[in-house]
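Sequential numbering of the sequence shown, starting at 105, is according to this note's numbering.
Calculated from the structure, these hints are not laboratory results. Computed from a prediction, not measured in an experiment: that's the story for all the values here. Don't take every hint at face value.
[To be verified] In silico DSSO-like cross-links for lysine-lysine, where the CA-CA straight-line distance does not exceed 30 Å:
#, residue 1, residue 2
1, K338, K407
2, K407, K359
3, K251, K466
4, K359, K338
5, K155, K251
6, K251, K407
7, K155, K169
8, K155, K171
9, K407, K466
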Amino acid sequence: MIRDLDRHYMQRALQLAERGWGRVAPNPMVGALVVRDGVVVAEGFHAEWGKPHAEIKALQAAAGKAKGATLYVNLEPCHHMGKTGPCSRAIADAGIARVVCAARDPNPEAAGGAEWLREQGIEVEEGVCEVEARDLNAVHLNAFSAKRPFLALKYAVSLDARLSEVPGTRTRVSEGAAIVEAHRLRAGYDAVMVGVGTALADDPQLTVREWGPVRVAPLRVVLDTELRLPLESKLVQTAREWPVWVFAARGADGKRAACLQGQGVEVVQVGREPGCERLDLGEVLARLWERNVRSLLCEGGGKLGSAFLMAGYVDRLYLFIAPRLFGEPGVPAFQGGRGRGARDWRTIRRVEFAEVTLFELKPEGAASAPSEP
Numbered sequence: 105m106i107r108d109l110d111r112h113y114m115q116r117a118l119q120l121a122e123r124g125w126g127r128v129a130p131n132p133m134v135g136a137l138v139v140r141d142g143v144v145v146a147e148g149f150h151a152e153w154g155k156p157h158a159e160i161k162a163l164q165a166a167a168g169k170a171k172g173a174t175l176y177v178n179l180e181p182c183h184h185m186g187k188t189g190p191c192s193r194a195i196a197d198a199g200i201a202r203v204v205c206a207a208r209d210p211n212p213e214a215a216g217g218a219e220w221l222r223e224q225g226i227e228v229e230e231g232v233c234e235v236e237a238r239d240l241n242a243v244h245l246n247a248f249s250a251k252r253p254f255l256a257l258k259y260a261v262s263l264d265a266r267l268s269e270v271p272g273t274r275t276r277v278s279e280g281a282a283i284v285e286a287h288r289l290r291a292g293y294d295a296v297m298v299g300v301g302t303a304l305a306d307d308p309q310l311t312v313r314e315w316g317p318v319r320v321a322p323l324r325v326v327l328d329t330e331l332r333l334p335l336e337s338k339l340v341q342t343a344r345e346w347p348v349w350v351f352a353a354r355g356a357d358g359k360r361a362a363c364l365q366g367q368g369v370e371v372v373q374v375g376r377e378p379g380c381e382r383l384d385l386g387e388v389l390a391r392l393w394e395r396n397v398r399s400l401l402c403e404g405g406g407k408l409g410s411a412f413l414m415a416g417y418v419d420r421l422y423l424f425i426a427p428r429l430f431g432e433p434g435v436p437a438f439q440g441g442r443g444r445g446a447r448d449w450r451t452i453r454r455v456e457f458a459e460v461t462l463f464e465l466k467p468e469g470a471a472s473a474p475s476e477p
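I would like the entire structure built from these sequences, with the hints used as guidance.
See the structure below:
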């Protein structure tokens, strides 16, 4: 019975934590609540990077009611002096009798709060809703367990898994609230990427416009082997306002690169995959990691998304499915062979946006650290 109640309250902490999406990175999303005698007396969440943590917000709201109460938090309370003081000490000072947390913090600078609290005689319960907590803060966990960005792939597809009706032309697959959700997803990632084919067909901006405000606008990235991105494209025309990186093959047209750089675009040259014309995706990810990009949202197209899938690099799949059939010559979302991406996927979240359904999926049985490039 107690375990069931712990799960109930932890689910609420997770809901609160998600309110920090797009506002707290590189910090994790954290929610907390204070429960006394079976009553929630206070709630809090980390709302802004550099501002008070969730535990502090909840304790401040609880005031004198925190003494002898239970604190629920989806991540181990921090035990270091950063932009704010250690939450562990604030918890002890408030007289909390029991702490229930979902997952340990992998950040070596912040970890240790759980053990310290135990040393102060406070009961600490760990592992409640741990899977859900790790899924929520997968980007944060990945930053301390891998050497490449956490990679999410977003597709908006028809029922027959096609991205557009005709190759090379823009097709609006989803609309309304689904578009807002797509922009919300962008806000939670350090960078948003497309292949040059998508850039040519859609002329996207790749900015967060329908949701916000976002604390830091995501870097916009285009994989463009031969530097075909038009100078008049929206990406190039706004490069001085919102950064754009274009990855090209080594030896690509130098004059073309100079023209793009003259418009404020950063051109990064990398090698090609052995035996093919495609850019070396592992090197692309490594170069992004070197520049502190810890999370990446790929928005296609089909060739690029499928290449990431086959290489086994995709850590999260956002699949927006619309009740339409495109048929031939529509562009398939999943192309090529099975590769390392041939595995089962587990649904983390399923949401209806009018007639569009979003499936958020992760690889079944994925290790805590994704494959490195």
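List, from low to high, the hint numbers that the structure doesn't satisfy.
-> none
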